[in-house]
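Asker: Letter by letter, the chains look like this.
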Amino acid sequence: MEHQVVEGSKPVTVPALDPTITARGVNVFYGDKQAIFDVDVDVPRNAITSFIGPSGCGKSTFLRCINRMNDTIPICTVTGDIRIDGEDIYDPRLDVVELRARVGMVFQKPNPFPKSIYENIAYGPRIHGLTRSKKELDELVEKCLEKAGLLKEVKDRMNEPGTGLSGGQQQRLCIARAIATRPEVILMDEPCSALDPIATAKVEELMEELKENYTIIIVTHSMQQAARVSQRTAFFHLGKLVENGDTRQIFTNPSDKRTQDYITGRFG
Amino acid sequence: MTDTQSGLLSSQHDWSSAAARKRVKRRYAADRRLQFYGIGAIALSILLLGVLFSSLMFTGYVAFYTTKVALEVPFAADQFDKDKLGDANYRGIAKTAFLTYFPEVTSRAEQRNLVKIMSSGAPYIIRDFVVANPDRIGSTVTIQVPVSDPFDQLYKGVIPRYIDALGQDRIALFEKLQRRNVIKIEGGKAFAATDIFVNPAEIPDGDITKADLHGMVREGFAAYYPKQTSRAYQEILAEDASTQVLRAKIEAEPGIVGKTVTLMLPLAPAYDELARTGASKIVNPRFGDKAEFVWFDKLISAGAISTPFTWELFTNADSRYPELAGLAGALSGSFFALLVCFLLSFPIGIATAVYLEEFAPKNKWTDLVEVNINNLAAVPSVVFGLLGLALFINTFGLPRSAPLVGGMVLALMTLPTIIVATRAALKGVPPSIREAALGVGASKHQVMLHHVIPLSLPGILTGTIIGLAQALGETAPLLLIGMNAFIPSIENMGLTQPAMALPTQIFSWADSPERGFVSRTSAAIMVLLGFLVIMNILAVYLRRKFERKW
Amino acid sequence: MPEHTVKSYEEELSLLDTKISRMGGLAEHNLAQAFDALQRRDARQAELVIVADHAIDVLERDVEEQVIEIIARRQPMANDLRHVIGALRITSDLERIGDLAKNIGKRAAAIAEVSHPKPVISGLSQMAELALKQLKMVLDAYAERDAELALKVWRDDQKIDATYNSLFRELLTYMMEDPRNIGLSTHLLFGAKNLERVGDHTTNIAETVFYLVRGEAISDDRPKGEDTTMARLAEHG
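Residue numbers (our numbering), protein chains in the order written: chain A, 30 to 297; chain B, 30 to 579; chain C, 388 to 624.
Derived by calculation from the structure, the hints in this document are not laboratory data. Some hints here could point you the wrong way.
Listed next, the in silico EDC-like pairs over lysine to aspartate or glutamate satisfying Cα-Cα at most 16 Å (straight line) [as the list claims (entries may be wrong)]:
1. C:K505 / C:E557
2. C:K394 / A:E241
3. B:K473 / A:E238
4. B:K319 / B:E139
5. B:K473 / A:E127
6. A:K269 / A:D69
7. A:K138 / B:E464
8. C:K546 / C:D587
9. B:K456 / B:E387
10. C:K394 / A:E148
11. A:K144 / B:E139
12. C:K394 / A:D124
13. B:K473 / A:D124
14. B:K124 / B:D110
15. C:K394 / A:E234
Just some of the chain A residues that point at chain B, by a computed CB distance under 7 Å [unchecked claim]:
16. N56
17. F58
18. V126
19. R129
20. N140
21. R155
22. I156
23. G158
On a predicted model such as this, the values are computed, not experimentally measured, just so you know. Ideal placement from N, C-alpha and C gives every residue a C-beta, glycine not left out.
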């Protein structure tokens, strides 16, 4: 008997236990154009949540709401309620700069600063005054590199430019940089789209390890990647959240017809 | 195949048909033509540039060495007052030293002419030497002093001793007369055999003193040329002398009145010489007379003349005498003006560009500002000069001719260049770097100061240097604010002192009549171009060195 | 073989192997217990075997789900793909072996009250031993990824078939001797048939293991030992 999937008007959301991030009724506008419609999402703690969906579905836009990266676009307005550990991140009293230190971000294209490997990681802690001494900073840098699985590869060339590393190493350097400010949440915006499969596998393995200590959200074009790395998946379509639930369930037995059509390549 | 559309698509196109081959040929020809136009344009510009540079070098290189004469100057102790070393009779000392080469010349008038061979700056050179080396008083010192401009140019071969007195067309006319055997040479002098009708009507009352002899001579000679008004022919005769000949003839033989007589009329000196020697050279009017050549040749054969490198071109200030004129004043004026220009335009330009690029909201006002900045770059520089004159000098009462004002005016001109270059450099920093910095929690100013500006610095510096190079070559606004003051001394240079700049110096030298300034002008242009090239190379170097790859 | 960069994938694959070897162990154990119960006419133990089969079924579903998840989430390729597909096929064979053991258990319970003819039992026990040995070997072959061993198992299946043939004839003779023996003999015949089927599933597993390791099917024709189906019936019919 074939499993019945229906196209619902309401998103199918399986609530997450102990969510780090809760978003309720989030709308995003670019000028007059609405990019995100009334999205409710829970992001569970110490797990990887992936946002998937076709291009222009709003998944990246929504991701950028979580560290208020959208603030840098003048015509962008965000309404609704996004909380990290119960704290409203759009509270006017909240300092955006501090938020961005607490919510690390890794971008599509590896974008290390054109400075030394050491400086790349030390920059964040330094501007936020996270360490008291040079020694402490050195330790922090080393620890971040180790966590990112990069220490062995770059140990002897900490003062060489970060841009001299390979693409995959650069992206892991960016991840190390993101964790250097001791964030609770790491946002990854298609972190592997510029990498080859081996580098991708290394980054995915790193994510797997990091999820023990961090709440990770990854936006990805690759459904396979979402299936591989994440425990929870949220499917966006046309700015709306269609389905949000267990990755296993979404990829083996989605509840919404649109999700099924998308993940099986029957869209449109 | 019922459908024509699919028929069109499915039938094979014949790529080897004659029409197709022709099409290919045409396309290749068009490609080649386009390439040829480009190469032609580049070749033309390289050619023109080559002509410009080679003519500059050709006329300018001689200014880099100076013809100098070595003077054996005996510094007798009694000639100097220890406290007023500068007040001794240096003119006399120089003159005496110079005249030792010519013991045979004794007449005062000749000596006066003789000393003109030496530059009139010689006494000052000796004075400066004494003031700098007072310990040498009592000994005899060999000092090189420049010769005066005509002899400098003569020695360098820029101007000849003799110059052509007649042009080619005049010589051609004269040769025509020679072919008709009109010109005769008798007793080392040339004459024109001319039939003159001694018209009684022109001699009122038979009084020869009232006769129009000029008219008669002119009329007689006019038979050799068809056009009544050809002045060229009229120049050939020495008219006054010819009239004398006619008068003498009439007085000697009164019977010829009413008859036609053939007279040998003397020629004007240049034609006389042309008839006798075949050349019409005269002593170059820049020199007094032939005696000076003899004296100068004697100096040369005595080994007193040398041609060292013209350090004076860089160490001397301006002078009325080309052999003494240097660029030091102009260089310092340009330096101060550029310094002011840099100090004003660099921070203001960067601040403006950073604000417009990174912080300004996009609205009508910022659009207006932006358009105006771009237009500012197109405003003719002379307008900035007028603005400087009206605003800085007349309204603010800043000193005229000062590098301060010059720098301010140049800063106005350089600003748009710097702003546009800075904005382009800021735009060139990939957004990923900004995102990265924002992503680790850098604030806006940290993103700018720590990342974006350092990364765009090569671009900013390049723009600034190119803007400054433009400012260095700018003439019109500096002329308007009077930065073409004649500054004969470099002792008093400063921001508010009257000054000269390189381009205005070139302008003023180019305007000077002395022959030596022609090569000096070219040399100054070479120096200016040299600075521009150095600045541009610096810009390229900075860009290469700090350019980053991502 | 080098490990996968993503360790959790590696772990998932080895978990699959663990589950399969546990399943194999259970199937082996159940089969041994069932035959033991038959041999010793222990109805209670037979009941236990029947109940124990449930655990195998649960494991099979578990492996199936895991395989689907791996295919959905990891998109296995090449040897990984053969691994998960092979696992799926092996579990289904093991589940069948479990079912056959249960069946033997049921028959053991049914004939526990009746004494069994000695020669038949000894033939049957020889067959059971062979089947168990084959099963154990094929599980080893899977665990060790040993294609040669799998090939050996595959070839040795004809011994079981041969034993089954002789047992078949023996039971036929026994039934002809005395029609009262027919009930018992039928049960025993079915038991023997079950053991023969175990051998066939073991062969299937051996084929799967060979494919898993070499990436190709076993090429030579398997010597077919079991020929009771038509020929003998014709003789007696």
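Asker: Against this structure, judge whether each hint is valid.
Answerer: Going down the list of hints, with the structure as the test:
no.	hint	result
1	C:K505 / C:E557	holds, 11 Å
2	C:K394 / A:E241	holds, 14 Å
3	B:K473 / A:E238	violated, 33 Å
4	B:K319 / B:E139	holds, 12 Å
5	B:K473 / A:E127	holds, 13 Å
6	A:K269 / A:D69	holds, 9 Å
7	A:K138 / B:E464	holds, 11 Å
8	C:K546 / C:D587	holds, 12 Å
9	B:K456 / B:E387	holds, 9 Å
10	C:K394 / A:E148	violated, 30 Å
11	A:K144 / B:E139	violated, 79 Å
12	C:K394 / A:D124	violated, 38 Å
13	B:K473 / A:D124	holds, 13 Å
14	B:K124 / B:D110	violated, 19 Å
15	C:K394 / A:E234	holds, 7 Å
16	N56	violated, 23 Å
17	F58	violated, 17 Å
18	V126	holds, 5 Å
19	R129	holds, 4 Å
20	N140	holds, 4 Å
21	R155	violated, 10 Å
22	I156	holds, 6 Å
23	G158	violated, 11 Å
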